[in-house]
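J.: What follows is each chain in one-letter form.
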Amino acid sequence: MRLIRIIVLVLLCANCLVLAAEWYVSYENAVEAIQKQQWQRAVDLLNAAIAEKSDSKANAKTYGLRFIDYFPYLYRGIAFYHLGDYGRALEDLKKEERFGELGRATKDKGARQKLQQYLNLLDQQKGAAEKPPESKPPETQRPSIEPLFNEGVALFNQKNFDAAREKFNAVLQAEPNHAQAAIYLKRIEDEIERARVAQAEQEKREQINQEFSAGVELYKKQDIAGAEKRFQNVLALESSHGEAAKYLDLIRRDKKTSEIVAPTKSEPTVDTAFDTAVALFESGDYKKAKERFLQVRASDARANDYLKTIADAEQKMEGGIRAYFEGDYDQAITELGECAKSYAQNAHLQAFLACAYAAKYFLAGAEEEEWVANARQHFSKVKELNSSYRLDDRYISPRIIELFASQ
Amino acid sequence: MRRRFIIPFVAVSIMAATPRLTFSQGVGLPETFFSAVIGSGARAFGMGGAFIAIADDATAASWNPAGLSQLEKPEVSVVFATNDLETTQPSVTFTAETFSASASEFKISQSGSNVDFLSFAYPFRIRNLKMVSQISYQRLINLALDSHLDQPFIFRAETFPAGRNQPQPNVHIENTKSATINSAGGGDLIAASLAVQVSPFLSLGLAANYFYRGFENNQQVEFEVTDTVFVDENEDGVFDEPSTESETDTFRNLQEGDLSGFNVNFGVLLKPTQRVSLGFIFRTPVTLDFKLVDHEAQDRTIVETVTTDAKIEYPYSIGFGLAVHAIDQLTLSSDFTWSNWSESKLTHGKRVCRDGFGELCKDEFGERIPEEIVDDEPFPGNVDAIAETPREQNDTQQFRVGAEYVFLRGSWLIPLRAGFFTNTLYITDGNEGSVTYLGYTVGVGFGIKDLLFDAAFVYQGGNSFFSELSPDDRKFSSKQFYVSAIYRFDL
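So the protein sequences, as listed, match chains H and R.
Counting along the first sequence from 1, when you hit position 125 you're at 120 in our numbering, and nothing is skipped either side.
Offset between the second sequence (1-based) and our numbering: plus 130.
These aren't lab readings, by the way, just hints derived from the structure by calculation.
What you are looking at is a predicted structure, and each value in this text was computed from that prediction instead of being measured.
The reader is advised that the hints may include incorrect statements.
[To be verified] A short list of chain H residues far from chain R (calculated; beta carbon distances all over 10 Å):
no., residue
1, 20
2, 57
3, 60
4, 108
5, 168
6, 170
7, 195
8, 233
9, 237
10, 362
11, 364
12, 379
13, 381
[Stated by the list, open to error] Simulated crosslink set (DSS-like; lysine-lysine; CA at most 30 Å straight-line):
no., chain 1, residue 1, chain 2, residue 2
14, H, 224, H, 285
15, R, 401, H, 90
16, H, 48, R, 203
17, H, 104, R, 203
18, H, 48, H, 104
19, R, 492, H, 48
Where a beta carbon is used, it is the ideal one built from N, C-alpha and C, also for glycine.
Kindly produce the complete structure, drawing on both the sequences and the hints.
T.: What follows is the structure in structure tokens.
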């Protein structure tokens, strides 16, 4: 009876369990995803298969008397190629070639041909910035659309969004259900919107800097009314501008005592502005710190070091997040972890670092306690930094969101 | 007189050593019946039946229900078996101080064929948890056999009369006995199984088994006995004129049995690495409702009907298996199964004998035999043929090893298999020694795409447990042939 109870308990707890599929299940699903041109899904599935069985092999035994040709690096390379990650595509295809198993295939007899086709495509892809691929597409693609699509991807990677949009629109016109083209179009819109917002922010920043500098000059020249107006303009543009507020406070105090005090003692010097920026950096408010460092970099070269640190960290964070979405969780952890050493107070970074650990944990069958402990630690840090932080359920697995919510 | 007493006693004993053709004393049951019955499938039997740690096809539930969790697609299977059993005794010779006696060779052969296993397995997922369910039929104990006994029995006794160096024949008996038994049915079970893959390294399985059905033994025994008897009545070295008697008799016996019950098998499958798997199986004991109606007839007239209505305590058993996938195409496996047959018995019941008029049977004194309580009786079949008393019952063990190598050629494959096993029966021999058969198996298959055909030949043999007088003399051998087909739905 006790055994029966245990088994019933296991069944009832079915919802609690998350299991990694067998390597051959992940592999077969990945090949199916490749056929459906679901490249990112194929990469995720192949990562899972490779994590369990890393050697490529013709006639690999699965279960019973079932044997399959297992060439994970070939298909991941193909998927990377279509995702525009030519470096990794080449790396995987070369790796598959080194295993030397393709020639022994008994079921996937077209594998060797596919490898050659994609290696040729990658050869032609060299210098893709100048010349998008025009070669004959492999069997898995529709010949009339895929060159167009590949051109769009290349243009997208060159950030030539308008030209890329034309290509993707043309693809969709020919093939309305082309999911990848639709995704790229959405990414183009996102990129354009991001650029527009960045441009507006830059213009605003320049205006603020101009107004603030003018206010300081006027204050130094004792043109208190002019300076007050300029500082008010600054606060109208950015209500949290602390330096402008300080000047206005000085002006108010001066007015109150009816004395005009030379601002020599209380004037925020370059040193004060630099220290403020450093304080912001150390508090984790990198966005404002960056703005301050940009203001003082002309008069204080030390700001450049901080700006470089921030730029490096942003680059690594971007790379880490990209690795995460490509399913390369180890790479994501490496890059985000490196970034976190100097950028620890960034909630977004901590969130993706936690997500990468959580994804590894769940993919490995929820057995590596160290990974989930790391995920929990970084999620806690996220909540500490920003209690209202939310993970985007469009991109992040519900199970990971659940783990985050449980913190 | 002493000599005259001894000689007929030996004669009777040797004749009695011939199995009596009743169900309760074993003939009609295959000797392989007297061991723990294991799983099914030509692939498994081709590997000597070492399949507990493999169990990765549609026959899995019969070996280890946890193994079902390895199936990724629905599968159906059908297994067909033929049985060819033979018990032989070359001759029996008995030598005493003043005489010797011998009986010629006899042979019991049994043969039959049946559907051994049918199944349908269906994998599914509840969220991310992989499960596989299966419904299956299995012929657990096959009694569908046609049995034949031919025994040209010649008995000679020679004495050494006083003052003579040369033996003198003083008794010579010839009789011919033949029997035919047509049996049908057996012990079947329907199983509903469920396997859960708790992790890639651990699977659990459960099979709920419903035992049902019964058997029918229809036996006809024809005796043709011609006795030629030489007797030296005066012990003067001169034999009297021989007396000759001839007799023909026909004896009919019809047995109908029913059994039903329920038990559960628990299985565990561990895969510590991709190359090694371990299996464990526990079959719970089952109390079977058992009813046996035994009609004896003389010249088509029922003279006696014995009805036994009782429970059979069917034993629990445990098994362990280890499989090593040395390379992808080569699998080595071994199993050990132990069953608690020593505790198995017939109990909680009653037995009543009625004559052709429905009245209670009479004993040799003319007294009516009352209804008999059946309690703690030995398992059916376990009765000494001479003494008509129960024999010692042993726990049984089976040790099995096997190998499978798969040749791959394009889209088709050919597996070759071989195995060896030992099979210790629960019934002991006439000297209460354990009876162990040795078995050898070979198998071959052919697979193309999602269809797999397999065939296996299983031979086992050894000294028969019927060997009351001389355990080494009587040999048993069985030749079983299995064919199976497994189809995988590529949905």
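J.: Taking the hints in turn, state whether each one holds.
T.: Hint by hint, here is what the structure shows:
Listed as a non-interface residue, residue 20 of chain H fails to keep its Cβ farther than 10 Å from every Cβ of chain R; the least gap is roughly 6 Å. Annotated as non-interface, residue 57 of chain H brings its C-beta within 10 Å of a C-beta of chain R; the closest such distance is 8 Å. Residue 60 of chain H, annotated as away from the interface, has a beta carbon of chain R within 10 Å; the closest lies near 5 Å. Chain R leaves residue 108 of chain H outside its interface by the beta-carbon criterion, the shortest separation being 17 Å against a cut-off of 10 Å.
The claim that residue 168 of chain H is not at the interface with chain R holds, since no C-beta of that chain comes within 10 Å of its own (minimum 36 Å). Even its closest Cβ contact with chain R, about 28 Å, leaves residue 170 of chain H beyond 10 Å, as expected for a residue assigned away from the interface. Here residue 195 of chain H stays apart from chain R, with its beta-carbon at least about 45 Å from theirs, past the 10 Å limit. The claim that residue 233 of chain H lies off the interface holds: its Cβ sits roughly 49 Å from the closest Cβ of chain R, which is beyond the 10 Å cut-off.
Every CB of chain R lies more than 10 Å from the CB of residue 237 of chain H, the least distance being 51 Å, so the non-interface label holds. With a minimum CB-CB distance of about 7 Å to chain R, residue 362 of chain H fails to clear the 10 Å threshold, and the non-interface call is violated. Here residue 364 of chain H stays apart from chain R, with its beta-carbon at least about 14 Å from theirs, past the 10 Å limit. Its beta-carbon lying about 31 Å from the closest one in chain R, residue 379 of chain H satisfies the requirement of being farther than 10 Å from that chain.
Consistency note on residue 381 of chain H: stated as away from chain R, and its beta-carbon is indeed over 10 Å from all of that chain's, at 31 Å minimum. Only pairs whose Cα atoms come within 30 Å are accepted, and residue 224 of chain H paired with residue 285 of chain H is accepted, the gap being roughly 26 Å. For a cut-off of 30 Å, the pair hint linking residue 401 of chain R to residue 90 of chain H stands: about 29 Å separates their Cα positions. Proximity of residue 48 of chain H to residue 203 of chain R is assessed by CA-CA distance (about 21 Å); at most 30 Å being required, the pair is judged to hold.
Taking the CA atoms of residue 104 of chain H and residue 203 of chain R, the gap is near 23 Å; set against the 30 Å cutoff, the hint holds. About 21 Å separates the Cα atoms of residue 48 of chain H and residue 104 of chain H, which keeps this hinted pair within 30 Å; it holds. Distance restraint check for residue 492 of chain R and residue 48 of chain H: the Cα-Cα separation of roughly 76 Å exceeds the 30 Å cut-off, and the hinted pair is therefore not satisfied.
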